Each structure stands twice: as structure tokens, then as C-alpha cells.
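S.K.: Below are the chains, spelled out letter by letter.
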Amino acid sequence: MKLLNKLTLYHTLSKTVIVILFTALLPLLVKEIASRYTNTALQEQKNKVLQTIEKNGIDYYFQGDSSYGSYTMLKEEYISLDAAPAGFPADTIETTQRIVEKDTLTYRVLSHVFEYNHKKYLLEIGKTLAAIDQYNAPLQRVALYALAGLILATLLIDLFFTRLLLRPLGIIIRTKLLNRKFPFKESHPPVNTSTTDFRYLDDSIIDLMNKITAAFDKEREFTSNASHELMTPISILQNKMENLMDSMPQEDEQEKITGMMQTLNRLKKIVRSLLLISRIENNQFGRQDNVAVFDLVKEVREELEDRIEAGHISIEINVSRSFTLYSVNRDLLFQLLYNLINNAIRYNKKSGSISISDEYKAGEPYVLTIEDTGIGIEKADLPFIFDRFKKAGSTSPEGFGIGLSIVKSIAQYHGIDLKLVSEKGLGTTCSVIFPAQMTTMLPPLPA
Amino acid sequence: MKVLIVEDERSMALEMEAFLKKAFYICDLAYSAKQANELLDNNPYNFILLDLGLPDKDGLVVLKEAKLKCPDASYIILTARGDLEDRIKGLDLGADDYLPKPFSLLELQSRMAAISRRKSGLAGSLVQLGDFSIDLSQRLVFFEKTSIELSKKEFDLLSYLLLHKNRPLTRLQLSEHIWGNFSDDDYDSNYIDVHIKNIRKKLAVHAPADWLQTIRGIGYKIKS
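Taken in order, these protein sequences are the chains called A and B.
FYI, the numbering for the first sequence is 52 to 498, going by my numbering.
FYI, the numbering for the second sequence is 24 to 247, going by my numbering.
There's no promise every hint is true.
Said to hold, decoys possible - Derived EDC-like pairs (lysine to aspartate or glutamate); straight-line CA-CA distance at most 20 angstroms:
no., chain 1, residue 1, chain 2, residue 2
1, A, K126, A, E152
2, B, K25, B, D119
3, A, K99, A, E166
4, B, K224, A, D357
5, A, K320, B, D119
6, B, K225, A, E356
7, B, K225, A, D357
8, A, K126, A, E166
9, A, K97, A, D110
10, B, K246, A, E302
11, B, K220, A, D303
12, B, K246, A, D297
13, B, K244, B, E130
14, B, K246, A, D303
15, B, K244, B, D154
16, A, K459, A, E332
17, B, K175, A, E152
18, A, K349, A, E332
19, B, K188, A, E306
20, B, K176, B, D216
21, B, K175, A, E360
22, B, K80, B, E108
23, A, K106, A, E166
24, B, K112, A, D268
25, A, K291, B, E32
26, B, K175, B, E108
27, B, K175, A, E353
28, B, K244, A, E306
29, A, K291, B, D51
30, B, K188, A, E302
31, A, K178, A, E145
32, B, K92, B, D119
Said to hold, decoys possible - Simulated restraints on C-beta separations:
no., chain 1, residue 1, chain 2, residue 2, range
33, B, P231, A, L471, 48 to 56 angstroms
34, B, F205, A, I263, 27 to 35 angstroms
35, B, K142, A, E304, 53 to 61 angstroms
36, B, L185, A, L229, 39 to 47 angstroms
37, B, P67, A, S238, 39 to 47 angstroms
38, B, V150, A, G414, 56 to 64 angstroms
None of these hints come from the bench; they were simulated from the model.
In this text, all values refer to a predicted model and were calculated from it rather than measured experimentally.
We put the CB at the ideal spot given by N, CA and C, even for glycine.
This is chain A alone, in the form it adopts within the complex (with noise of 0.2 angstroms):
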């Protein structure tokens, strides 16, 4: 998941949890404070009263009666004033039900007993609890709207914010990771952020890719120098014996220079395998061919055709016409199977066959099989087909190991798996697996 949607996940959620506990918790704290306000109010009509009677004597209230009581038109609130039973405790507020003409009501009450002129007297004062409670609900209706609407504009905030904080980590992934393919020609300019961790994270990479192609540039000017001072000498020798056999009118000397030419040969084969090798290994190919997989395979084939007449071998060739692989070095790809049915022939038995096949399902890889009734390769082998200098055998003529470890590499330079089976004696499988990127033609890179 992309950090700016988790981030998003993560306020939306915390938020969801905090209006879920407020939505909870706002009943039980509107009550209280309901309450809280009720039994100062009361309190304070008590001292109203009190005072009242300290200024102008208890009969203000009782006009010569012997208690007082008054209750509002609706009988929300009432008050009363009487002598005070004995015992009865002093102060308290409580919620009980009085009979106020007959109807039955809950209310909150304040009790207050006082001492007037040597008597005890009981105050009440009472609320009814509907009256009391009458504001909770829309109380809460509109606490829970006012949050609603904060919690969606902060969620907003958020949400832009951190769209805003993350545009540099989007663009240092769109454009110094995502499909960036080595060598890195193209340099991108540094993100232009104020946040350090995204500076230090933008830095370190360009530095890394910096460095990657320095070093890489340093072996690719390793392998170009390595490459002239190996072959100018041979160059010179071989060329010093070409004039040479010229000079020389006797047969026989002329069979000692071409022996003399054939080993030159086969250092130079060695060493131009290695270069190509360590050019393949060191990025020096471009990968932007797209090759038609059958066209491919017939031109190996016409460039083998000759052996394979010679070898009186039948070969099948059972490939999609249509196929297309993207993104391939041509040149690469060629010598990989010209090496793979070049084998195929060479270790064929006389009159034997070559049958090459494909296989291709969607989002799968594209498998393509060489198949041979050769001579095979023993299972003690196998493991090391691939290695360079390697001999597979005692018994394989020579030149069998570079050409194979060519082909490894240029593999292992497109991604492309390779698979042996073989059956001593009865002939030898290679599937050639090519990944399933190449099957499809890649994406114009995001600007």
C-alpha cells in the first residue's frame, strides 16, 4: 500500500474512533452537566430564599400561615416551606417524586433545614427532571453536527497536506526508481522539497547512481583498453604470419605456419568470448530491439543450414509466427540461439533431428524449446554446463564450455532462464524461458 494512502487510512480511522467515543460519551456528559447546573441553580434560589426571609421575616412567605408552597404554571419547578419533621437531615439534593396536585412528578429536590426564631423549618426547592433533561438532546444533536463537520475539514486538511508533503517522494520513485533501466543515461535533476528526510533521501540516491556509473564507466574503459592491448598483439602476429606463408614457397613450411595460425586462433576465439562476455556483464549492449521470434529462429537456421545438410539432420521448426519479443538485443539473441542449435547439431548423432518449439500463455513466460536426439550430457555434468572452462566430460571435443557460458550470460543480461534436461544418449532439451515483461511492449516511461 502507498504510504499516502495509509496515512490517509490511518487519519480517517483514528478520526472514526474518536467521533465513536465522543458520540458515546456525550449522553452521559451532557447529563452531568445538566445535573451540575441544576443543583447550583437550586442552590442558589435556596440562598435567594434565605436571604429573603433574613430581610424580611419568614412571614413574607407564610402571610400568616403555617407553611408556604408555589409551583410554576406547568409544575416544573416548585418550592415549599414548612416546619421541619425531627430527625430529618439537614441537607440534601436528591431526585425523588412528589405529588404536586395529583400528578405524579420525578423531581430534583433540594432539602435545606434552617433555624428561625428557635424553629426548625424545611426548605424545598424542586426541578423536574423533564424540565431538567429538556435541552440534552438537541444538545447533543448539535455538539455531534459541529464535530462532524470539524473532524470532515480536518480530515481534508489532512488529506492535502499530506498530498502536499509527499509529491517529492512520489516524484523521487517516478523518476529515479520506477523503470530505470542501467545504464542510467538520462539524469534527472534533484527534488525540489524543504523536507530534510526527502533532501537526504533524493541526495544518497543520486550520489548511489553516481557512483554505480563511475564505477561502471571505469570497467567499461577497463574492458576497452583490456580489449585493444590483447588483441593489437595478436592482431600483429596473426597479420606477421599471413606475409609470412607468403615468403615461404615450401609446402611444409607453410603447414607449420598454419598450425602456428590455428593456436593464435584459438587464444583469440578465448579472449574475444571473454571481452564479449565482460561487455555483456558490464551493460554494453542496448536492449531496444523488438524481435519476431520465428524470423529469428529461420535466420539461425539458414545460417546453420549448411551443417545441418551436412549432418543429414531433420529439424522442426513449430514456432508463432506471430510472436514478438520487446526490449531484446537482436545481435544478442541471435548468438544465443545460434550457440543453443549450433550445439544441437554439433552433438546430434548422425541423421538425427532438432525439433524447436514454443509455448505462450498470457502473463506467463514465452518458453521456447530446443530439443535434440544428440549425444546428451552426463547428470554428473549438468550443474556446470553453464561455467566457463568448465569441459563437460572428458569426452567433448573443444570449445564446448565459452560458447555455452556466452549464451549464460546474454541470458542472464536479458533475465532469461535457461533449463537443461538431458539423457545421456538420447538427446538433450534446452527451454529457453524469457521473461514475462518481454512479452509485452513496456509503457512509455512517466515523464
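Since the structure of chain A is already known, use the hints to place chain B on it.
M.R.: Chain B only, in chain A's frame:
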């Protein structure tokens, strides 16, 4: 034909000169870009063989400059660096051919002859060999008026032997010409024998081709 050999390895340049002289080319040698420029200022050339790894200047720059001074010459790039980009750039800059070192002098001469044929555009320059005549530019072999069908490789072999007639060519030299970098030493030498056998068979239908000789332990030669 005048050839300028631009090559900083002296012994290499001298071998090339010695070989091309025998093929009646007149050669000048330059061991540096500076020398090459001086020679180019004062002499016309048909061929310029240019090593890219010169000590005093990038070979591709030398090629560009030489093309201005001597636009009609044919250019062959020689290099031991083996950089793939060099090859592409060289051909883009108008080089006629590219030979990676080490190359065979026979191959060099063959490429030069091919360029001359291509540039002169002369068709029908027939070469007589016994009772046969060979048209190198049309790639055809005739016996009297009858055309003889040779495969591509068979014709390549025959014309290569013909170009270097009276010189024994080893199987190795022949297979390198036919298969280039794909040639596979001893193993391919056998196929040279197969091809020669086929050529002989096709020619023998019409007349004896005893000018195509086998040199034991070496290879083949055309004697005329």
C-alpha cells in the same frame, strides 16, 4: 590505387603495407593523426585505413576531418577497442566498412576489393578461370553461356579464393571469411571441405576445374 594507412602500431602498419604492396596498392603510412593530416593535405587517396585508437586524437574526429579533405576516398575503420558504439558512429560518419582487430589481411583486401566493385558500379567484369567465367559483382559463375547455381557460401568461398589466387588459403582463413565471428575453429574447417566438394561437383558437370587445388595440411588455392 593509393592507400593511406593510419595506424600507431608501427609493426602492424608495416605488415599491412607489405601485404597491400603485393596486391599492387601504393601505401603511405601515418603513425599519428598529425601525420595523417599532413599527408591528407598534400595527397589524394583511394583508400584510407583508419585505426581509431590513435595517441594524439580520437579516431572518429580524425575520420570527420579526413572526410572533408578527401571526400572521394573509401574509409575502412580498424579498431581493437571493440566498442560497439564506435562501429555505429564510424559508419554513421560515412565509413565504408569496419574491421575489428585482429583481422586477416586477406579479409582486409577482400573488403577493399568489394568496396571498389561497389563504388565503380561496373557490372560484368568477367574473370576467366579455365573454361569458366566468374562475374564478381553479379555473383554469377558461367560455363560458356550456362549459369551455374552456387549457394551463397559457395560463391563467397570461390570468390575469396579467386581474389587471393595463387596463394594457399588455410581452412581457418576460409571459415573466418564465411562465418566471421561465428566461425568455430576445427569444427568449421570440415564444413569448408564439404563446401569445396560441392563446388567441385557442380563445376565438374561442365568441365574439369583442376585450377581449384587442395594443398595438403593447409587448405585450398586457385592456380592460374
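S.K.: None of the hints should be skipped; say for each whether it holds.
M.R.: Hint check:
no.: 1; hint: A:K126 / A:E152; result: holds (9 angstroms)
no.: 2; hint: B:K25 / B:D119; result: holds (16 angstroms)
no.: 3; hint: A:K99 / A:E166; result: holds (16 angstroms)
no.: 4; hint: B:K224 / A:D357; result: holds (16 angstroms)
no.: 5; hint: A:K320 / B:D119; result: violated (26 angstroms)
no.: 6; hint: B:K225 / A:E356; result: holds (18 angstroms)
no.: 7; hint: B:K225 / A:D357; result: holds (16 angstroms)
no.: 8; hint: A:K126 / A:E166; result: violated (28 angstroms)
no.: 9; hint: A:K97 / A:D110; result: holds (17 angstroms)
no.: 10; hint: B:K246 / A:E302; result: holds (15 angstroms)
no.: 11; hint: B:K220 / A:D303; result: violated (24 angstroms)
no.: 12; hint: B:K246 / A:D297; result: holds (14 angstroms)
no.: 13; hint: B:K244 / B:E130; result: holds (15 angstroms)
no.: 14; hint: B:K246 / A:D303; result: holds (18 angstroms)
no.: 15; hint: B:K244 / B:D154; result: holds (17 angstroms)
no.: 16; hint: A:K459 / A:E332; result: holds (11 angstroms)
no.: 17; hint: B:K175 / A:E152; result: violated (127 angstroms)
no.: 18; hint: A:K349 / A:E332; result: violated (27 angstroms)
no.: 19; hint: B:K188 / A:E306; result: holds (18 angstroms)
no.: 20; hint: B:K176 / B:D216; result: holds (12 angstroms)
no.: 21; hint: B:K175 / A:E360; result: holds (15 angstroms)
no.: 22; hint: B:K80 / B:E108; result: holds (17 angstroms)
no.: 23; hint: A:K106 / A:E166; result: holds (15 angstroms)
no.: 24; hint: B:K112 / A:D268; result: holds (19 angstroms)
no.: 25; hint: A:K291 / B:E32; result: holds (13 angstroms)
no.: 26; hint: B:K175 / B:E108; result: violated (29 angstroms)
no.: 27; hint: B:K175 / A:E353; result: holds (11 angstroms)
no.: 28; hint: B:K244 / A:E306; result: holds (14 angstroms)
no.: 29; hint: A:K291 / B:D51; result: holds (19 angstroms)
no.: 30; hint: B:K188 / A:E302; result: holds (16 angstroms)
no.: 31; hint: A:K178 / A:E145; result: holds (11 angstroms)
no.: 32; hint: B:K92 / B:D119; result: holds (16 angstroms)
no.: 33; hint: B:P231 / A:L471: 48 to 56 angstroms; result: holds (50 angstroms)
no.: 34; hint: B:F205 / A:I263: 27 to 35 angstroms; result: holds (33 angstroms)
no.: 35; hint: B:K142 / A:E304: 53 to 61 angstroms; result: violated (38 angstroms)
no.: 36; hint: B:L185 / A:L229: 39 to 47 angstroms; result: violated (58 angstroms)
no.: 37; hint: B:P67 / A:S238: 39 to 47 angstroms; result: holds (45 angstroms)
no.: 38; hint: B:V150 / A:G414: 56 to 64 angstroms; result: holds (59 angstroms)
Hints 5, 8, 11, 17, 18, 26, 35 and 36, counting from the list given before, are not met by this structure.
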